[in-house]
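4 protein chains.
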Amino acid sequence: MVVVMKPGTDRPDIDRLVERFQSMGLEVGITTGVGCTILGLVGDTTAVDMDKISIHPHVERVMRVQEPYKKANRKFHPADTVVEVGAAKIGGGSFSVIAGPCSVESEAQIIEVARDVKQAGAALLRGGAFKPRTSPYSFQGMGLEGLDLLTEARAATGLPIVSEIMAPRYVDVFEEKVDVVQVGARNMQNFDLLKEVGRMSKPVLLKRGLSNSYEEWIMSAEYIMAGGNENVILCERGIRTFETYTRNTLDVSAIPAVKQMSHLPVVVDPSHSAGMYWMVEPLAMAAIAAGADGLLIEVHNDPPHAKCDGQQSLTPENFGHLMAKVGTLVDIMNKTLVK
Amino acid sequence: MVVVMKPGTDRPDIDRLVERFQSMGLEVGITTGVGCTILGLVGDTTAVDMDKISIHPHVERVMRVQEPYKKANRKFHPADTVVEVGAAKIGGGSFSVIAGPCSVESEAQIIEVARDVKQAGAALLRGGAFKPRTSPYSFQGMGLEGLDLLTEARAATGLPIVSEIMAPRYVDVFEEKVDVVQVGARNMQNFDLLKEVGRMSKPVLLKRGLSNSYEEWIMSAEYIMAGGNENVILCERGIRTFETYTRNTLDVSAIPAVKQMSHLPVVVDPSHSAGMYWMVEPLAMAAIAAGADGLLIEVHNDPPHAKCDGQQSLTPENFGHLMAKVGTLVDIMNKTLVK
Amino acid sequence: MVVVMKPGTDRPDIDRLVERFQSMGLEVGITTGVGCTILGLVGDTTAVDMDKISIHPHVERVMRVQEPYKKANRKFHPADTVVEVGAAKIGGGSFSVIAGPCSVESEAQIIEVARDVKQAGAALLRGGAFKPRTSPYSFQGMGLEGLDLLTEARAATGLPIVSEIMAPRYVDVFEEKVDVVQVGARNMQNFDLLKEVGRMSKPVLLKRGLSNSYEEWIMSAEYIMAGGNENVILCERGIRTFETYTRNTLDVSAIPAVKQMSHLPVVVDPSHSAGMYWMVEPLAMAAIAAGADGLLIEVHNDPPHAKCDGQQSLTPENFGHLMAKVGTLVDIMNKTLVK
Amino acid sequence: MVVVMKPGTDRPDIDRLVERFQSMGLEVGITTGVGCTILGLVGDTTAVDMDKISIHPHVERVMRVQEPYKKANRKFHPADTVVEVGAAKIGGGSFSVIAGPCSVESEAQIIEVARDVKQAGAALLRGGAFKPRTSPYSFQGMGLEGLDLLTEARAATGLPIVSEIMAPRYVDVFEEKVDVVQVGARNMQNFDLLKEVGRMSKPVLLKRGLSNSYEEWIMSAEYIMAGGNENVILCERGIRTFETYTRNTLDVSAIPAVKQMSHLPVVVDPSHSAGMYWMVEPLAMAAIAAGADGLLIEVHNDPPHAKCDGQQSLTPENFGHLMAKVGTLVDIMNKTLVK
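Chains as they are written, first to last, in the working numbering: chain A, 1 to 339; chain B, 1 to 339; chain C, 1 to 339; chain D, 1 to 339.
For the record, the hints were derived by calculation from the structure and aren't laboratory data.
Some hints here could point you the wrong way.
Same chains, same label: a pair holds when it works inside one copy or across any pair of copies.
[As the list claims (entries may be wrong)] Within a straight-line C-alpha distance of at most 25 angstroms, the following computed BS3-like cross-link-like pairs (lysine-lysine) qualify: (1) K70 with K6; (2) K6 with K75; (3) K335 with K325; (4) K75 with K335.
Let the sequences and hints guide you as you build the complete structure.
Listed below in structure tokens is the structure:
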């Protein structure tokens with residue numbers, strides 16, 4: 001941590017602040033020049049509240065030098081985390097595709113899609129039972145019944161299932177029925193929910209919030225890991241920018257950046273990123289080329305009649321075409337596509 | 001709703017789509033010219049899913065013409081909603097200031113601050129019992145004990161209390177103890193929580209999310225109102241932009257814009273907007289001048305030792321100075337400052 | 001400047017870097033702890049290229065501590081700059097309103113508007129002769145003829161004139177005919193143009209770019225001042241954000257922030273900020289309340305037939321109503337409205 | 001174009017507006033329902049000023065249906081534009097890499113880098129003679145001397161040269177000496193400069209502005225094309241967002257989106273996108289996978305001593321490694337790498 005003193009601060013005032021830091025167990029170095037004094041603080045600064053120091057009357061500015069996260073920090077855990085779910089593996093050179101409909105609509109629908117995506121090479125099945133919708137008047141998902149239909153689709157195909165949890169009260173039923181628990185973009189900083197899924201034994205797929213920084217995203221993973229659940233998969237799904245042509249702006253830089261900062265695997269959701277089915281392929285390919293460990297893709301047997309997100313869903317046929325290209329590119333990237 | 005057909009679509013294809021809309025009870029007007037056909041749809045289009053229409057093979061684009069919200073829509077409820085909490089009134093020409101510390105820290109602290117802000121002219125007391133913190137290692141609030149201390153501060157001063165709810169499981173205790181339930185910016189689209197507070201009898205102060213549009217914000221109010229709770233106060237608290245000098249960017253345009261779109265009252269939180277105590281006054285003044293119905297201001301008896309947000313908290317003394325200016329400006333704006 | 005070394009860097013490597021900084025005339029302080037070494041650099045660091053240091057193989061991160069601007073820096077020039085143009089004064093407690101049409105359209109139009117705005121209390125007349133338009137097919141302004149009509153309006157009313165320069169080749173004619181030279185938002189980092197207006201004797205009104213930070217904005221002022229022209233007026237006109245209801249998002253925080261960073265006066269353009277005439281009043285009032293030194297307002301005698309920006313222009317009548325309120329608020333803010 | 005009337009507008013008022021549109025040669029369709037009337041306008045609406053209509057007293061909203069650009073519009077020119085520069089080809093299945101230093105620093109430097117990048121497979125040489133720098137105190141480029149050194153490097157290697165023009169007065173010398181004229185991000189809406197390069201015979205590489213939409217970017221290309229120069233290459237170089245870890249956020253979605261909207265080729269600059277040399281490879285690969293027609297990459301023989309942008313420059317050795325991967329991926333994408 002670095003503390004910049006206000007110009008003209010007297011030496012005794014500086015010394016008092018230095019003593020305060022030293023009493024917290026920190027090493028303090030002082031650099032003094034004409035009109036500027038800088039304090040360098042080294043040691044365990046995670047307990048130091050930057051905001052408090054910043055309002056000290058003689059302090060001009062405080063800057064953090066070390067990351068505020070530990071368990072998710074690659075500096076302390078250099079090796080890639082590999083999340084294993086049944087036969088599927090995400091991270092450390094293994095690449096898995098998670099596919100399925102935006103929402104579970106019926107037994108026939110989810111089983112048909114599950115069979116189709118498995119056949120095309122998906123390693124996990126996704127399907128929404130509880131849906132976060134902007135309008136209270138839109139379809140809100142089938143709820144618990146949807147979860148049961150997902151378990152039937154798992155039984156029929158062997159694919160592990162991924163579904164979104166929206167409230168702490170469903171932790172037990174998700175623990176029992178689901179293989180990977182998804183936390184949606186709008187709940188990325190629902191800290192109560194993060195604490196709850198931190199106590200679960202199932203891996204968590206944590207979507208990046210619409211306008212959250214890499215650091216905030218990793219801090220939300222840290223919440224889950226601090227609760228004891230270290231199997232966190234980060235999922236980039238597009239951020240909000242000024243551009244309105246696409247629903248969101250896929251931030252491919254997040255992939256190399258977050259992998260530099262953290263050891264956790266990073267997957268990409270090209271369906272929500274652009275919000276248009278014809279952009280799924282170029283964005284999926286870009287994600288793989290930038291180093292992603294997996295993809296999350298919306299596939300629906302009948303997009304024009306999907307209860308949600310039909311405009312961004314692929315048909316099973318188009319998903320099959322995409323998977324052929326995915327396989328070639330994953331290979332070029334020296335990764336293994338898990339089927 | 002407006003549907004733009006792809007260039008070159010044949011008349012029979014257009015007719016089939018028109019019949020589909022007519023079967024939904026909509027009036028359809030057709031405008032045809034060289035290379036472009038536009039369908040105008042009038043009637044109750046809230047049940048029409050734009051996304052589904054947009055993937056119809058002959059459709060180029062769909063544009064909504066009417067607002068997707070009803071209960072919060074000023075078109076259907078022209079008169080300003082006035083939220084009354086004890087003697088305090090917000091909206092319709094009444095202006096109230098909500099003040100208090102970021103978090104409740106002790107009985108002595110909250111009672112002292114409550115007395116100070118009441119004396120200076122605040123009409124409601126705010127205080128956090130449950131705190132949404134970016135880091136799992138930061139102080140998370142006193143929890144239920146904090147709520148009890150707030151009720152003591154209310155007993156000591158008569159000020160109604162405002163506190164943030166972070167999870168559905170606390171709905172009953174908030175219903176019992178708190179006068180206004182705050183939903184934080186990070187939970188603005190925590191739809192499960194919105195549904196729960198929609199069933200409460202207490203007014204809800206709904207903060208705007210970090211990067212949520214006016215329409216999304218009003219749609220979240222619509223969730224609460226659709227549940228039966230029509231006493232919603234909207235709170236602008238700064239949005240996330242590229243500028244990093246301030247913690248957030250206060251969007252004063254939100255005040256006239258949202259008041260044009262909706263009949264709900266709008267208050268402003270200048271403390272979180274900039275994140276710096278010395279900016280609270282100019283931003284508070286700007287908010288009043290732009291037409292706000294109230295302010296939410298962080299006041300702490302000892303900012304340098306506050307457990308959170310000390311850098312943006314006013315001392316009681318500075319809050320007193322600010323309130324003198326607030327009173328003058330509220331007067332100029334032809335509103336009544338409720339004390 | 002602060003340099004954070006990579007964990008595990010050997011002492012000799014650190015020493016070599018320290019010597020390099022010392023050879024540049026800088027004081028260097030070293031703070032060392034477990035796994036982290038921080039160098040504090042003090043002295044004239046304006047010549048140090050952060051980017052170069054950041055790629056040094058042993059350097060993890062470089063952070064600037066001092067501002068990169070000098071002439072515009074309030075630290076070195078604590079007193080407010082007051083820009084005087086004829087009888088008009090902007091800054092240091094003097095508040096002036098600049099009003100007029102988006103573009104000069106005819107002699108009759110500009111003289112009529114000039115008379116109207118003068119009567120209502122404007123201190124300067126604005127009018128565009130050269131118009132920056134997004135489309136090559138839109139009206140591009142009357143050019144030099146427009147400038148001549150502005151000088152006639154000045155002769156008729158005594159109001160100094162403000163007009164936008166779009167290319168270096170017009171520097172001489174603007175020097176001759178115009179009283180304040182405006183640099184538009186889209187040219188805020190047209191460095192060639194900034195250098196040219198830096199050689200002029202006329203004050204410059206520098207609009208903030210659509211997505212430029214406070215620091216970049218002040219650095220563009222520094223370009224002009226480095227050329228010898230220290231009469232720079234900064235103009236906030238709304239920034240680009242994710243919100244699409246308004247054309248731009250007025251950043252009122254810019255007013256107190258930039259006035260803290262710099263001694264230059266700050267005016268606000270509420271017309272371009274929202275892009276809607278009915279928002280001009282609340283935004284103008286917010287700007288004054290936040291501490292602005294002046295306003296730039298579009299007024300047109302016949303907005304529905306204006307050649308550009310009619311939707312955000314006030315009629316002379318509405319401008320008159322606004323000016324009454326402006327006068328009251330400027331007074332409350334302890335400033336003097338110059339007429 | 002679609003015009004939504006205010007609720008309650010009388011039929012005669014609607015009819016008067018309809019007649020006004022008809023007198024402009026437009027087809028008008030009227031859809032009327034309870035509380036809402038929509039006018040559909042078809043025909044050549046490029047001359048209709050949306051802003052003017054939007055302030056008509058009975059109009060609630062105006063929405064554009066057709067694109068405001070013609071020459072750059074893929075609807076009217078379905079075939080890909082291929083820009084040829086000597087042996088290099090960009091677009092229509094041909095992929096070229098433009099490489100070289102941020103700025104020309106000396107004869108030895110530019111010739112050495114030119115030889116290195118040619119050897120590694122670059123098809124064009126880039127080098128800055130005039131540099132847009134945020135600070136007036138930073139190195140501003142070698143100017144005309146730099147252009148001469150570039151021509152020497154061309155003579156030595158046969159590589160066509162790409163360099164940035166910053167002011168209209170250099171049009172003649174660029175026409176004479178340079179093969180591709182670059183317009184920088186900060187000048188994307190410097191309309192005077194766009195008009196000037198529109199009169200040149202040399203292809204123009206037009207960078208996207210920091211916060212400009214796809215449509216604005218294409219409209220700037222339209223300015224150049226309207227002047228007669230139809231050889232425009234669009235260059236995505238990262239946009240400004242809330243994320244500060246990277247200098248800019250590469251928007252890969254721009255590639256498929258803009259290629260859908262326009263027939264012009266799109267290249268990507270991964271060096272400026274992130275601003276960090278170690279991110280160049282993943283971003284370059286992502287760009288190719290998303291469908292880019294070329295890359296613009298900063299290569300410097302001695303990055304730690306580069307006069308600008310050293311932190312984002314590759315060494316010739318690393319550029320060689322990158323080019324091997326580029327070749328493989330371009331091949332997979334069924335494009336031809338031009339060397």
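Verification of the supplied hints:
Taking the shortest Cα distances, K70 and K6 sit within 25 angstroms of each other only across copies (17 angstroms), while inside one copy they are farther apart (32 angstroms). Only between protomers do K6 and K75 lie at most 25 angstroms apart by alpha-carbon distance; the minimum there is 11 angstroms, versus 33 angstroms within a single protomer. In the homo-oligomer, the alpha carbons of K335 and K325 lie at most 25 angstroms apart both inside one protomer (14 angstroms) and across protomers (15 angstroms), since each shortest distance falls under that limit. Proximity of K75 and K335 under a CA criterion of 25 angstroms is satisfied intra-copy only: 23 angstroms inside one chain copy versus 40 angstroms between copies.
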